[in-house]
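J.: Note that the protein sequences, when read in sequence, are chains A and B.
Mind the numbering: the first sequence is residues 466 to 675 in my numbering, read in order.
Mind the numbering: the second sequence is residues 35 to 278 in my numbering, read in order.
Derived from the structure by calculation, the hints contain no laboratory data.
Backbone N, C-alpha and C fix where the C-beta goes; we use that ideal spot for every residue, glycine too.
One thing to keep in mind: the hints can contain errors.
Dumping the calculated SDA-like pairs for lysine to any residue here, alpha-carbon to alpha-carbon at most 25 Å [as the list claims (entries may be wrong)]:
{"hint": "1", "chain 1": "B", "residue 1": "Lys88", "chain 2": "A", "residue 2": "Ala480"}
{"hint": "2", "chain 1": "B", "residue 1": "Lys208", "chain 2": "A", "residue 2": "Pro558"}
{"hint": "3", "chain 1": "A", "residue 1": "Lys594", "chain 2": "B", "residue 2": "Gly99"}
{"hint": "4", "chain 1": "B", "residue 1": "Lys202", "chain 2": "A", "residue 2": "Cys557"}
{"hint": "5", "chain 1": "A", "residue 1": "Lys594", "chain 2": "B", "residue 2": "Ala224"}
{"hint": "6", "chain 1": "A", "residue 1": "Lys478", "chain 2": "B", "residue 2": "Lys202"}
{"hint": "7", "chain 1": "B", "residue 1": "Lys208", "chain 2": "A", "residue 2": "Asp521"}
{"hint": "8", "chain 1": "A", "residue 1": "Lys478", "chain 2": "B", "residue 2": "Gly99"}
{"hint": "9", "chain 1": "B", "residue 1": "Lys88", "chain 2": "A", "residue 2": "Val673"}
{"hint": "10", "chain 1": "B", "residue 1": "Lys202", "chain 2": "A", "residue 2": "Ala480"}
{"hint": "11", "chain 1": "B", "residue 1": "Lys202", "chain 2": "A", "residue 2": "Lys485"}
{"hint": "12", "chain 1": "B", "residue 1": "Lys88", "chain 2": "B", "residue 2": "Val106"}
{"hint": "13", "chain 1": "A", "residue 1": "Lys502", "chain 2": "A", "residue 2": "Gly534"}
{"hint": "14", "chain 1": "B", "residue 1": "Lys202", "chain 2": "A", "residue 2": "Gly534"}
{"hint": "15", "chain 1": "B", "residue 1": "Lys227", "chain 2": "A", "residue 2": "Glu627"}
{"hint": "16", "chain 1": "A", "residue 1": "Lys478", "chain 2": "B", "residue 2": "Lys208"}
{"hint": "17", "chain 1": "B", "residue 1": "Lys208", "chain 2": "A", "residue 2": "Cys522"}
{"hint": "18", "chain 1": "A", "residue 1": "Lys595", "chain 2": "B", "residue 2": "Val106"}
{"hint": "19", "chain 1": "B", "residue 1": "Lys227", "chain 2": "A", "residue 2": "Gly504"}
{"hint": "20", "chain 1": "B", "residue 1": "Lys208", "chain 2": "A", "residue 2": "Cys557"}
{"hint": "21", "chain 1": "B", "residue 1": "Lys202", "chain 2": "A", "residue 2": "Lys502"}
{"hint": "22", "chain 1": "B", "residue 1": "Lys208", "chain 2": "A", "residue 2": "Met535"}
{"hint": "23", "chain 1": "A", "residue 1": "Lys595", "chain 2": "B", "residue 2": "Leu217"}
{"hint": "24", "chain 1": "B", "residue 1": "Lys88", "chain 2": "A", "residue 2": "Lys594"}
{"hint": "25", "chain 1": "A", "residue 1": "Lys571", "chain 2": "A", "residue 2": "Asp521"}
{"hint": "26", "chain 1": "B", "residue 1": "Lys202", "chain 2": "A", "residue 2": "Ile578"}
{"hint": "27", "chain 1": "A", "residue 1": "Lys502", "chain 2": "A", "residue 2": "Val673"}
For the chain B half of the interface with chain A, some residues (derived, Cβ under 7 Å), not all of them [as the list claims (entries may be wrong)]:
{"hint": "28", "residue": "Ile36"}
{"hint": "29", "residue": "Asn39"}
{"hint": "30", "residue": "Ala187"}
{"hint": "31", "residue": "Ser189"}
{"hint": "32", "residue": "Ile190"}
{"hint": "33", "residue": "Ser192"}
{"hint": "34", "residue": "Arg197"}
{"hint": "35", "residue": "Tyr213"}
{"hint": "36", "residue": "Ala215"}
{"hint": "37", "residue": "Pro219"}
{"hint": "38", "residue": "Ala224"}
{"hint": "39", "residue": "Ser255"}
{"hint": "40", "residue": "Gly257"}
Listed below, chain by chain, are the residues.
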Amino acid sequence: MIEVNKLTFTYAKNALPVIKELSAIFNRGEITAVTGKNGCGKTTLSKLMTGILHPDCGSVFIDGEDISGMNLFAIGQRIGYIWQNPNRQLFCPTVAEEIAFGLRNKGLSDVEISSETDRYLQMFRLAAKKSAHPLLLSLGEKQRLALAAVLSLGAPYLLLDEPTGGLDVRCRRLLGVELQQLAERQNCGVIVISHEDDFIRRFCARKVVM
Amino acid sequence: MILTNLDARVKLLMLVAVSSVALIIQRPLTLAAVLLLTLILLLAGGVDRAKVWKQTRAMLSIIGGIFIIQCVFCRAGLPLITIGDFTLVTTGGLQMAVVVALRLLIIISSALIVLTGEMRDYLLALRWCRLPYEIVYMTLAALRFIPLLRDEAVSIYSAMQMRGYNIKSANWHKRIKLYLAMLLPITASALHKAGQMSIAMETRAFRCMPNRSEWRSLQFSRGDFIYTAIFFVLLIAIIIFIKQ
Ligand SMILES: Nc1ncnc2c1ncn2[C@@H]1O[C@H](COP(=O)(O)OP(=O)(O)OP(=O)(O)O)[C@@H](O)[C@H]1O
Ligand SMILES: [Mg+2]
């Protein structure tokens with residue numbers, strides 16, 4: 466369970482807080498949606514929950530542990546995070562290496578890395594783009610690549626900031642089904658920031674409105 | 035009179051005058067007086083004291099480092115501190131260190147004068163100096179890119195760590211490799227942004243007409259004149275009258 470407790474956050478340049486005394490709970494084994502109008506602070510909340518930003522006051526607990534004492538590496542072991550803008554998280558020279566980066570950090574052997582990489586390339590329909598440069602992909606392909614790279618880590622929680630925006634109808638459904646399976650079979654806690662009512666109604670067990 | 039409302043040309047002139055004085059003059063006492071003058075200008079001009087301190091504090095450790103290096107490696111004058119037979123600091127070294135530190139402080143505080151204004155006013159001011167519009171605009175636009183690039187670097191760095199890269203346990207060799215790996219996507223995105231921006235600007239009629247007109251214009255008021263006059267009289271007085 467991820468518990469957000471009375472979070473308040475103000476950006477350095479602004480006078481008013483973007484998020485004020487926000488509390489919420491996100492369970493494992495289900496998909497929770499986070500919605501709200503543009504600029505209400507959804508992305509900000511996701512960055513606070515992953516320790517990229519630090520709250521003015523309040524705290525975030527992952528399975529009972531306060532994240533304020535953890536570094537990004539430790540938090541990354543618990544939450545897989547997808548940025549809203551996929552350009553900001555792709556940094557390897559090829560699509561295949563982008564997926565392999567996390568697997569290598571996990572300490573897998575070369576054989577395992579290449580078989581896992583191939584599996585995720587298939588799953589996210591990126592096999593044909595295997596040796597392309599990530600920044601030259603289309604928006605939807607970049608989003609799928611970011612998803613593949615993060616899902617392959619197998620963290621117990623996933624936090625996805627508008628993952629469906631650039632995806633076509635088929636990919637969107639596939640993503641929903643995939644996330645649902647992760648939640649049900651592997652007891653993964655999935656949090657999806659989304660504007661899409663359709664997606665939310667179909668796949669999400671609960672909804673947090675900001 | 036508040037600094038924010040001062041004519042942008044005057045502020046640029048002050049910046050140029052103060053920083054060239056700082057670079058030409060060697061006398062510590064004169065430099066200290068110039069520093070005092072710019073600080074008074076800033077505080078009397080309504081700049082937030084906390085802000086001045088915040089901007090300066092970030093540079094203090096660098097200035098301190100340069101101060102120590104100057105002290106130790108400049109070997110002119112008489113010995114000041116000796117350890118056994120070895121002369122650690124000389125009078126010449128200390129003087130040089132003080133001069134360099136004061137220079138840096140003056141340059142930082144005069145840059146703060148410029149930061150009180152709006153970008154587009156400086157654009158007008160530089161055009162008033164007959165610099166070509168394209169060059170002026172592009173330089174200032176490039177400056178605005180810097181915080182964006184920094185944001186991007188921070189988020190890529192975070193993404194790397196969250197995907198299992200443990201910075202703490204990496205040795206310097208691995209770290210350098212990581213920083214180099216960050217360089218490529220950041221450069222690529224900067225180039226991409228620049229290309230897109232130039233197209234966006236042309237579609238919004240940048241350089242469409244040979245002569246560009248301006249909606250705003252800079253007005254040199256009587257207040258500006260008095261302010262400038264007082265400032266330069268004080269600056270010249272300091273240079274002439276304060277000697278060792
Ligand atoms: N780096 C920043 N500095 C200052 N203000 C910011 C910064 N990032 C976001 N904001 C402001 O904080 C508010 C919330 O931004 P945020 O990105 O969290 O919104 P959001 O809910 O994700 O919106 P969207 O649905 O458009 O993605 C916005 O009003 C935005 O202007
Ligand atoms: Mg957002």
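J.: Compare the structure with each hint and give your call.
T.: Going down the list of hints, with the structure as the test:
no.	hint	result
1	B:Lys88 x A:Ala480	holds (18 Å)
2	B:Lys208 x A:Pro558	holds (17 Å)
3	A:Lys594 x B:Gly99	violated (50 Å)
4	B:Lys202 x A:Cys557	holds (21 Å)
5	A:Lys594 x B:Ala224	holds (24 Å)
6	A:Lys478 x B:Lys202	violated (31 Å)
7	B:Lys208 x A:Asp521	violated (34 Å)
8	A:Lys478 x B:Gly99	violated (30 Å)
9	B:Lys88 x A:Val673	violated (39 Å)
10	B:Lys202 x A:Ala480	violated (35 Å)
11	B:Lys202 x A:Lys485	violated (33 Å)
12	B:Lys88 x B:Val106	violated (29 Å)
13	A:Lys502 x A:Gly534	violated (32 Å)
14	B:Lys202 x A:Gly534	holds (15 Å)
15	B:Lys227 x A:Glu627	holds (22 Å)
16	A:Lys478 x B:Lys208	violated (35 Å)
17	B:Lys208 x A:Cys522	violated (36 Å)
18	A:Lys595 x B:Val106	violated (56 Å)
19	B:Lys227 x A:Gly504	holds (23 Å)
20	B:Lys208 x A:Cys557	holds (15 Å)
21	B:Lys202 x A:Lys502	violated (39 Å)
22	B:Lys208 x A:Met535	holds (22 Å)
23	A:Lys595 x B:Leu217	holds (22 Å)
24	B:Lys88 x A:Lys594	violated (48 Å)
25	A:Lys571 x A:Asp521	violated (33 Å)
26	B:Lys202 x A:Ile578	holds (23 Å)
27	A:Lys502 x A:Val673	holds (12 Å)
28	Ile36	violated (20 Å)
29	Asn39	violated (22 Å)
30	Ala187	violated (10 Å)
31	Ser189	holds (4 Å)
32	Ile190	holds (5 Å)
33	Ser192	holds (5 Å)
34	Arg197	holds (4 Å)
35	Tyr213	violated (11 Å)
36	Ala215	holds (6 Å)
37	Pro219	holds (5 Å)
38	Ala224	violated (12 Å)
39	Ser255	violated (30 Å)
40	Gly257	violated (29 Å)
Consistency note: the structure conflicts with the earlier hints numbered 3, 6, 7, 8, 9, 10, 11, 12, 13, 16, 17, 18, 21, 24, 25, 28, 29, 30, 35, 38, 39, 40.
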